[in-house]
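These protein sequence lines are chains G and L, in that order.
Start counting the first sequence at 3; every next residue gets the next number (the working numbering).
Start counting the second sequence at 3; every next residue gets the next number (the working numbering).
Any given hint could be a false lead.
A pair counts as met if it fits within one copy or between any two copies, since identical chains are not told apart.
Unchecked claim - The list that follows gives simulated cross-link-like pairs (lysine to aspartate or glutamate, EDC-like), each with its CA atoms no further than 20 Å apart:
(1) LYS347 with ASP371
(2) LYS347 with ASP237
(3) LYS343 with GLU440
(4) LYS343 with ASP436
(5) LYS343 with ASP237
(6) LYS343 with ASP261
(7) LYS347 with ASP288
(8) LYS347 with ASP68
(9) LYS347 with GLU440
(10) LYS347 with GLU373
(11) LYS347 with ASP261
To be clear, the hints were calculated from the coordinates, so they are not data collected in a lab.
2 protein chains.
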Amino acid sequence: MTATALSTDLYQLTMVAGHVAAERHERVTATFELFVRSLPPHRNFLVAAGLESVLDYVTHLSFDGDQIAWLRHSDELRAAPPAFFDYLRAFRFTGEIRAMREGTPVFPNEPMLQVTAPLAQAQLVETAILSLVNFQTSVASKAVRVVAAADGRPVMEFGARRAHGPDAALLAARAAYLAGCSSTSLVEAGRRFGIPLSGTMAHAWVQAGESETAAFEEYARLFGERSTLLLDTFDTEAAARAIVASGLRPGAVRLDSGDLLVLSRSVRAILDSGGLATTQIVASSDLDEFRIHGLLSAGAPIDAFGVGTSVVTSIDAPALGGVYKLVELNAGGVIRRVVKKSSAKATWPGRKQVWRYTERNSRDVIGLDGEPGFTGAAPLLEPVLHSGRRVAGDVTVGSARAWCARAVAALPETLRRIEHAPAYQVDQSPGLRDAIAEHGSAPPR
Amino acid sequence: MTATALSTDLYQLTMVAGHVAAERHERVTATFELFVRSLPPHRNFLVAAGLESVLDYVTHLSFDGDQIAWLRHSDELRAAPPAFFDYLRAFRFTGEIRAMREGTPVFPNEPMLQVTAPLAQAQLVETAILSLVNFQTSVASKAVRVVAAADGRPVMEFGARRAHGPDAALLAARAAYLAGCSSTSLVEAGRRFGIPLSGTMAHAWVQAGESETAAFEEYARLFGERSTLLLDTFDTEAAARAIVASGLRPGAVRLDSGDLLVLSRSVRAILDSGGLATTQIVASSDLDEFRIHGLLSAGAPIDAFGVGTSVVTSIDAPALGGVYKLVELNAGGVIRRVVKKSSAKATWPGRKQVWRYTERNSRDVIGLDGEPGFTGAAPLLEPVLHSGRRVAGDVTVGSARAWCARAVAALPETLRRIEHAPAYQVDQSPGLRDAIAEHGSAPPR
Chain G
3 MTATALSTDL YQLTMVAGHV AAERHERVTA TFELFVRSLP PHRNFLVAAG
53 LESVLDYVTH LSFDGDQIAW LRHSDELRAA PPAFFDYLRA FRFTGEIRAM
103 REGTPVFPNE PMLQVTAPLA QAQLVETAIL SLVNFQTSVA SKAVRVVAAA
153 DGRPVMEFGA RRAHGPDAAL LAARAAYLAG CSSTSLVEAG RRFGIPLSGT
203 MAHAWVQAGE SETAAFEEYA RLFGERSTLL LDTFDTEAAA RAIVASGLRP
253 GAVRLDSGDL LVLSRSVRAI LDSGGLATTQ IVASSDLDEF RIHGLLSAGA
303 PIDAFGVGTS VVTSIDAPAL GGVYKLVELN AGGVIRRVVK KSSAKATWPG
353 RKQVWRYTER NSRDVIGLDG EPGFTGAAPL LEPVLHSGRR VAGDVTVGSA
403 RAWCARAVAA LPETLRRIEH APAYQVDQSP GLRDAIAEHG SAPPR
Chain L
3 MTATALSTDL YQLTMVAGHV AAERHERVTA TFELFVRSLP PHRNFLVAAG
53 LESVLDYVTH LSFDGDQIAW LRHSDELRAA PPAFFDYLRA FRFTGEIRAM
103 REGTPVFPNE PMLQVTAPLA QAQLVETAIL SLVNFQTSVA SKAVRVVAAA
153 DGRPVMEFGA RRAHGPDAAL LAARAAYLAG CSSTSLVEAG RRFGIPLSGT
203 MAHAWVQAGE SETAAFEEYA RLFGERSTLL LDTFDTEAAA RAIVASGLRP
253 GAVRLDSGDL LVLSRSVRAI LDSGGLATTQ IVASSDLDEF RIHGLLSAGA
303 PIDAFGVGTS VVTSIDAPAL GGVYKLVELN AGGVIRRVVK KSSAKATWPG
353 RKQVWRYTER NSRDVIGLDG EPGFTGAAPL LEPVLHSGRR VAGDVTVGSA
403 RAWCARAVAA LPETLRRIEH APAYQVDQSP GLRDAIAEHG SAPPR
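Please model the complete structure; the sequences and the hints are all you need to start from.
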C-alpha cells in the first residue's frame, strides 16, 4: 500500500543504471513471471492475492526530485551515468501486466503475474511486486484453510496486533476477507475496503469496571444485542452464570483461554438453562485450521471463531517463496527466450499462459503464450494493465471474494480439505516441453 | 510507520465509547504494560525494538473529520454517545511512556514498554503499539542470532521481497540493522534511516547481457571495485573461471545456490590461483543462523553473508506473543492494582520497574515502581514520553545499534550462542511478590 519509488532493492537501481549505460533500458522489452517453485507444507493450493496493490503501486510509481537528489549523492550510485538520473526523473511504468484474478487457486510453476515492459521498468518493480504478492498470497492461502475448517461458521479475523506492522495488518485483513473470513477487527480495513467489522471486548474493560457484572451491564446497555461479552478474565463459568443472573441478553459470549471444548459445553449448558439459547459462543485463543477442525469434530458447540496470529502471519509458512524471473527478451522484434540453470532454482523459458480444465478431470496446463488454446480449458492470465493503464476499473474485495469462493469450490474436493492431498495435476504443453528441451534446462524441482 | 488513527481494533473504539459513556475516560488513569509470557523456540533472549515508531505513532495520533464521520455512520458505532465523537475530535495522546531502550535484551514477564495515561487514551493505542513492537522485536531478536553466527563477518540484509509488504520491509531493515546487520538492500531504509546500503546483481542482469562475461564486464566497468558478480546463473565454477580469464577485479562474487561449502572452496581456489585473492566471497540462499554456523564451523571461506527471508520474517518465530495488559488504575489518587486470572494467561499486578545486574552474576529483578532501588543494578525502563511529548530527541538507529551491541555483550556468554541456553535469572522483588500474593494471582505460566 505504501510502497515508494525507493521501496526497492539497491541492485534494481544499479542494474537499471547499467541498462541505461548500455542503452538497452527501453530498447529491449522483457517479460518477467512471478511463480512459486513448490507449495509450503500444509498447503494443497495457494490463493492468488495482492494484484490490486500491485496495480496501485505501478500506476503511481514515480521519483520525486528529493529522491533523485538523494540517489545521486549516495556512495552506491555516484558512478551511475547522468542519463540514469534523467531516466528516473521521467520514469513512468508503461508496460503490460497479465495476472490471475485475485482469489484464483494457483499451483507451483504457474505464473500468477506476468510483466512485459521495457527492460529497466520490468526490473525496477520486482522488489515491491514480490513483497506485495508473496505476503498477501500467503495470508489468503492460510485463511482459506481456516475458513474451510470452520465449516460454514463465521471466522472473524482479528490479528492486527501480531501482524508485521500496521500496514501488514491492513493487507492481511483484506487477504483474509478475500479468502472467506467473515469480518476483520481492523477499523482501517473496514473504512478502506468496506470489509465488515466485528469486535468483542478486552480483559481491560472487565478489569476497569466496578465489578465484572457491572462491566458487562455497562457494555450491553450501550451496544445491546451487538455485545459479545468476554468470559475468562477471572473464571469463565462463573462469568456465564453472572450473565444469566443479571438478566442480560448479549448476542454472544467469548471464550479466550482454557479448554475450549470443555468450556464451550459447560457455558452452552449454563446459557441454555438460563434462557439464553440464542446467545452465541465465540471462541478464540491461538486458533488455526487444525484446532478448529479438532474442536468441531469433537462436537464443541461453538458458533463462530476469532482467529488472529495464524492467519495474519500465515504462521506455519510465513514467507512464500514466490520469485520473479526473466523468461523472454524482445529486442526490436527478435525474441530470445531465456532460462537460468542454478541448482534447484532453474526456470522455464518463454512467455506463458496457464489453462485450467474444471470439468470432471480437473487439471491445468502451462503453455507458451500464442500456442493454440486448449478446448474446454480457460486461460487464467488476464490482461490487467495495458500501456501502463488499467484495463478495467478497480476490483472490489467483495467481488474478488465471490470469485475466490467459486474458484475454490471448483477444485477437487480432496484439495479443499485441510489434510494433505495428492498433488493437483499440472501439465506442460507440447510447446513448452519443446522450448525447455531446446534450452537444456532441467525442470524446476 | 504508517499507522493511522483507525489502525486499531474495533473493540478499542467501542471500549473507549463505553468509558466515555461511564465518564471515566479521562477521570481514571491507567497503566498498561507490554511484555511476553515466554521466549519463542530458539531464542535465549529478545532484543527490544519498535520504540521509535511507537513514539512517532502516539505523538501524531489524531482523528480527522472524515474518519469521525465514517465512524459515526458505521453500524458498529452508531450506538455510541455523541460525547464519544466529540472526544475523538479533540483526541491527543497526553500520557507518559516508559520503555526499555531499543536494542536492550529482554526476558519473559519483563515490561519492555509501559503506558500511563487517561484510561481511554491508554486503551486506544494498544493495537498499533503491539503490532509495531511485536514485529520489530521479532526481527531484531532473530537478526542478533544471525549476526552472532557470522562471527564478525558482515551480514547484509536483503529480505524486502519476502517481507510482509513494503512497509514491513522498511521496519525489518531498521530492526535488523539495529541488531547488528551491516547493511540493507532496501533503498528506502537507506534514505529514511541512514542505514548503509549494499547490493549485488540479479540473475536477470546476467541473462539480459550478450553473454555472462559481457554482463560481468558491463557491470564492473560501471561500478568497479563495488561490483559483486553473481556466479550461479548457469554454472558457478565456470563463471568464476570466466572472471579470472576476463581480467576483471571485482570486489566480491556471490554464490546463491548449490552446496555453499563445496562451492566456496572451489571458487576461492579459482580466484586465488587467478590472482584475485582479495576478491571476497558472499554467500546467500535461504541462510539462517544455523546454516551460517554450519558453514563456518566446516571452514567455508565465506567473507560475508546475504540474509533475507529468515531475518525479515523471523521465520521460525514469525509472531511474537507480546501482550499489553492493564496492571493499575488510579482514580483521583486511589490506586487499584489489577490482575487477570485466565488459565495460562494470568498477569502480575501493579506498575513495575525492571532492574538489571550486569556485574558477575548477571540477573534481573522485576519490582514494583517506587520500591527502593537495588544497589548495583540499573533500571531498564526509562521515561521517553511525558505529557504526550518526547523527553529527549529522536534516537538514531546508529546509536540504538551501538547500545544493542554493548547490552548484548554484557549478557552471559552462554545466552549469546545460538544453542539453547539455561534460562537467564529473573527474580521478583519482595514488593512484587507481596502484591501477587495479595491478589491471589498465580504467576503467569
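Evaluation of the provided hints:
1. LYS347 with ASP371: neither (22 Å within a copy, 56 Å between copies)
2. LYS347 with ASP237: Cα proximity of LYS347 and ASP237: across copies only (12 Å, versus 54 Å in one copy).
3. LYS343 with GLU440: within (13 Å within a copy, 68 Å between copies)
4. LYS343 with ASP436: within (17 Å within a copy, 66 Å between copies)
5. LYS343 with ASP237: Answer is between; shortest inter-copy Cα gap is 7 Å, intra-copy 61 Å.
6. LYS343 with ASP261: Answer is between; shortest inter-copy Cα gap is 15 Å, intra-copy 52 Å.
7. LYS347 with ASP288: between (35 Å within a copy, 12 Å between copies)
8. LYS347 with ASP68: Neither, since 38 Å and 49 Å both go past 20 Å.
9. LYS347 with GLU440: Close inside one copy (18 Å), not across copies (61 Å); limit 20 Å.
10. LYS347 with GLU373: neither (26 Å within a copy, 60 Å between copies)
11. LYS347 with ASP261: between (45 Å within a copy, 13 Å between copies)
Of the numbered hints listed earlier, those contradicted by the structure are 1, 8, 10.
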